[in-house]
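Here's the letter readout for the chains.
Protein chains: 2
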Amino acid sequence: MAEKTKGKADENTIFVGSKPPMSYVLAVVTQFNTGGSDEVVIKARGRAISRAVDTAEIVRNRFVTDAEIKDIKTSTESLTNEEGRTSNVSSIEICLTTTKKSEKKKSK
Amino acid sequence: MAEKTKGKADENTIFVGSKPPMSYVLAVVTQFNTGGSDEVVIKARGRAISRAVDTAEIVRNRFVTDAEIKDIKTSTESLTNEEGRTSNVSSIEICLTTTKKSEKKKSK
Numbered sequence: 001m002a003e004k005t006k007g008k009a010d011e012n013t014i015f016v017g018s019k020p021p022m023s024y025v026l027a028v029v030t031q032f033n034t035g036g037s038d039e040v041v042i043k044a045r046g047r048a049i050s051r052a053v054d055t056a057e058i059v060r061n062r063f064v065t066d067a068e069i070k071d072i073k074t075s076t077e078s079l080t081n082e083e084g085r086t087s088n089v090s091s092i093e094i095c096l097t098t099t100k101k102s103e104k105k106k107s108k
Numbered sequence: 001m002a003e004k005t006k007g008k009a010d011e012n013t014i015f016v017g018s019k020p021p022m023s024y025v026l027a028v029v030t031q032f033n034t035g036g037s038d039e040v041v042i043k044a045r046g047r048a049i050s051r052a053v054d055t056a057e058i059v060r061n062r063f064v065t066d067a068e069i070k071d072i073k074t075s076t077e078s079l080t081n082e083e084g085r086t087s088n089v090s091s092i093e094i095c096l097t098t099t100k101k102s103e104k105k106k107s108k
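Heads up: the sequence lines are chains A and B, in that order. Using our numbering, the letters of the first sequence map in sequence onto residues 1 to 108. Using our numbering, the letters of the second sequence map in sequence onto residues 1 to 108.
Chain A extracted, bound-state conformation (with noise of 0.2 Å):
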């Protein structure tokens, strides 16, 4: 739950963890489908990145094949444990966007 939504800011926003990278795809898929956007946001921490990565992939090769990758940036953000250590954690942010839909926009 935590993983997926965050608010109205983030709801174009699909975070990835440690499940599957199908259930990712599926969250992405369904996000252009329904969520009447035409851009999402993939992103990932730590050892997930490469998580991100293949959901990017695995999105824009199978089910939305006009699906470009628009942006992808990355940054470290620091981390504090339980015992007050402070580790930093590389992030991905993965930007995917489908020209099909901003062009059918522009023709109404």
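Derived by calculation from the structure, the hints in this document are not laboratory data. Each residue gets a CB set at the ideal place from its N, CA and C atoms; glycine is no exception. Careful: at least some of the hints might be erroneous.
[To be verified] Restraint-style ranges between C-beta atoms, simulated for each label pair:
(1) B/Arg85 - A/Ser37: 17 to 25 Å
(2) B/Thr65 - A/Gly84: 21 to 29 Å
(3) A/Asp66 - B/Leu79: 24 to 32 Å
(4) B/Gly84 - A/Thr86: 44 to 52 Å
(5) B/Leu26 - A/Glu77: 21 to 29 Å
(6) A/Ser37 - B/Thr80: 35 to 43 Å
(7) B/Leu79 - A/Glu11: 19 to 27 Å
(8) A/Ser78 - B/Leu79: 30 to 38 Å
(9) B/Gly17 - A/Glu77: 18 to 26 Å
Given chain A's structure and the hints, the job is docking chain B onto it.
Frame of chain A; chain B shown alone:
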């Protein structure tokens, strides 16, 4: 060995595998300092993708602070295993550049 250099064309490319991130960080920093190139490409496949992002982030935050991520590309590669089955693996290419060196070159 096979992870790091594959001929002249891939001289500026660091292949990230299963070693600790710091070994790849060292390789990237060495490439920037002695390789005479202001562009280094970090490549990884599958689970090593998150390690590649870690490598890029550590280089950028700690060692080559003027380095910037110029471009990140993802793709899918089809691999055939010993049994003849094909499986798809995601891959990433992170292109790091330093602005300083190219400025130095211009001023000469």
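> Does the structure break any of the earlier hints, and which numbers would those be?
Replying inline: Of the numbered hints given earlier, those the structure breaks are 1 and 7, listed in rising order.
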